[in-house]
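Taking UniProt numbering, the leading residue of the sequence shown gets 1, the next gets one more, and so forth.
Do not take every clue at face value.
As the list claims (entries may be wrong) - What follows is a list of derived Cβ distance ranges for each label pair:
(1) Lys309 / Glu47: 29 to 35 Å
(2) Leu179 / Ala149: 50 to 56 Å
(3) Met227 / Lys154: 49 to 55 Å
(4) Glu26 / Thr297: 37 to 43 Å
(5) Gly284 / Lys309: 24 to 30 Å
(6) Thr172 / Glu145: 29 to 35 Å
None of these hints come from the bench; they were simulated from the model. All C-beta atoms, glycine included, are put in the ideal place defined by N, C-alpha and C.
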Amino acid sequence: MLVCYTGGGTLGHILPALSVHEVLKEENGYRCFWIGREDEGERAAVEREGIAFHAIQSGKFRRYASVQNLSDGFRLFAAFFQALSILKKERPDILFSKGGFVSVPPVLAARVLHIPIVTHESDASPGLATKLIAPFASAICLGYESAGATLPQKKIVYSGNPIRTALLQASTFSIRERLSLSSDLPLVFVMGGSQGAMQINALVRENLDALCEKAFVYHQCGKRDFMELKHKNYLAVDMVGDDMACLYRESTLVVSRGGAGALSELAYFGCPSIIVPLSLGSRGDQIANASLLKANTAAVVLESAVDAKNFLEAVTYLLENSEKRSILSQHIKEMAIADSQQIIASVIRSKAII
């Protein structure tokens with residue numbers, strides 16, 4: 001079976017598909033390649049797994065008037081013919097789209113060539129790319145049931161969101177032991193580091209003295225906004241890397257944005273969490289994701305206008321309330337689907353023309 005993967009825009013579109021690849025690569029005769037945008041980080045993530053990467057033009061549709069809509073329209077037009085040429089040459093048995101606007105031209109090209117299409121939507125509300133792809137897909141896998149309200153019902157498979165393989169296979173060493181933390185000192189893991197993380201970073205830094213009196217703060221800042229502040233009970237890193245699963249397992253409390261990938265990982269590990277969804281400049285997907293958790297009493301959600309005072313109050317409340325943390329942990333874990341990548345892999349197998 002030859003699978004063409006497509007998607008990009010952030011690693012949130014790349015890593016879940018790679019988790020599906022990890023399942024399928026165990027099969028005899030499995031081969032694959034990737035069609036994506038020319039982005040160094042995305043290309044590196046794919047090629048690191050031994051997958052051939054084909055770059056095409058990338059643009060996006062904006063819901064507002066912009067000169068860029070015209071130029072990006074030409075890019076998408078060119079991308080269609082680039083994808084068509086690649087697919088004609090490779091002749092995959094199926095195309096799996098993980099979303100982002102780079103995936104739309106390959107999907108349209110696959111449709112022209114009568115190649116079956118399976119797509120996956122991570123968020124609680126479908127993005128425009130998913131809405132455009134849905135009419136051409138043989139199956140639409142969803143991370144959350146709520147995303148399916150406006151999509152073709154007969155095509156929907158509720159799969160959940162794939163978890164990064166590295167987290168599932170993580171070692172069992174203790175991050176607390178590595179940091180020499182006493183058993184009675186709470187550990188707060190702050191997940192900055194992705195797009196739009198500066199707000200969370202600022203909230204932590206404004207409250208650093210007060211936070212570090214209550215807990216050890218492990219702060220992922222991201223490369224763009226990294227500041228190596230020297231403070232008792234505080235560690236700043238640009239990116240966590242291999243320690244991520246240990247932090248999920250051992251943290252007393254996690255602070256995160258509302259991206260679907262991060263929330264799925266929090267659910268898998270059952271982390272009591274404070275979610276600060278990104279709203280400015282976004283399509284509102286993080287707000288929808290966070291609202292779903294809030295409705296299920298699965299996380300404390302702070303709106304984007306939260307200030308330093310409200311942030312500190314929320315952290316303090318949860319650190320001092322073990323019963324509330326237990327409720328959040330139980331409810332978010334109930335939302336997890338641990339075998340999501342196996343479900344999606346099974347759908348791909350069933351729709352492939354082999």
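Status of each hint after checking the structure:
1. For the hinted restraint 29 to 35 Å between Lys309 and Glu47, the CB-CB distance of approximately 46 Å leaves it violated.
2. Evaluation of the 50 to 56 Å hint for Leu179 and Ala149 yields a failure: the beta carbon distance comes to about 44 Å.
3. Hint check: Met227 to Lys154, Cβ distance near 51 Å, so the stated range 49 to 55 Å holds.
4. For Glu26 paired with Thr297, a C-beta distance near 38 Å keeps the hint of 37 to 43 Å intact.
5. Distance hint check for Gly284 and Lys309: the Cβ-Cβ separation is about 26 Å, which falls inside the suggested range of 24 to 30 Å.
6. About 33 Å separates the C-beta atoms of Thr172 and Glu145, a value consistent with the hinted range of 29 to 35 Å.
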